[in-house]
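Each position in the sequence shown, counted from 1, maps to that position plus 921 in my numbering.
There could be a bad hint or two in this list.
[Unchecked claim] Mimicking DSS-like on lysine-lysine, the simulated pairs with C-alpha atoms at most 27 Å apart in a straight line are: (1) Lys941 / Lys1009; (2) Lys1009 / Lys961; (3) Lys939 / Lys1009; (4) Lys961 / Lys939; (5) Lys941 / Lys961.
Bear in mind the hints are in silico, worked out from the structure with no lab data behind them.
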Amino acid sequence: MQASLEYEIWDSIVNSAKTKFDYNHILSLFKQTDSEIIDKFLFHILVAFACGEEHETISTNLFNELQQIGFDCTEHQIDEFIADKHEKLSLEIYATYIAFSLLEDEEDTTTITATIQELLRQPE
């Protein structure tokens, strides 16, 4: 049950982030993969920004990971995609940070889920 609730937390954050940019365009770039890979790609971006990583570090790490799974892209393409995400996804990045903090503090996952869902409903 605990893992299911944690998944719900991350899923709600990623699903919120998908509404902030042209998700279908990104989906079309990953023709050979499924949406789960794209969700992990997006989750990686959220976590990296929430942990305070620099844009360049995120781009390099994502580029290397995508190369490992055989996705043909350039680091410049990754840079372009990430360029405005710190601003566009600021609420989701903050929600990711809060979720990590609450999980680390061993808060009840039901409470964390409710907190994150309430946060994501806030107008920006």
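Hints and how they fare:
Taking the CA atoms of Lys941 and Lys1009, the gap is about 6 Å. The hint holds against a cut of 27 Å. Among the hinted pairs, Lys1009 with Lys961 is consistent with the structure: their alpha-carbon atoms are about 18 Å apart, no more than 27 Å. For the proposed pair Lys939 and Lys1009, the alpha carbon gap of about 11 Å is at most 27 Å, so the pair holds. Between Lys961 and Lys939 the CA atoms are separated by roughly 12 Å; this keeps the pair inside 27 Å, and the hint holds.
Between the alpha carbons of Lys941 and Lys961 the distance comes to roughly 16 Å, so the proposed pair stays at or under 27 Å and holds.
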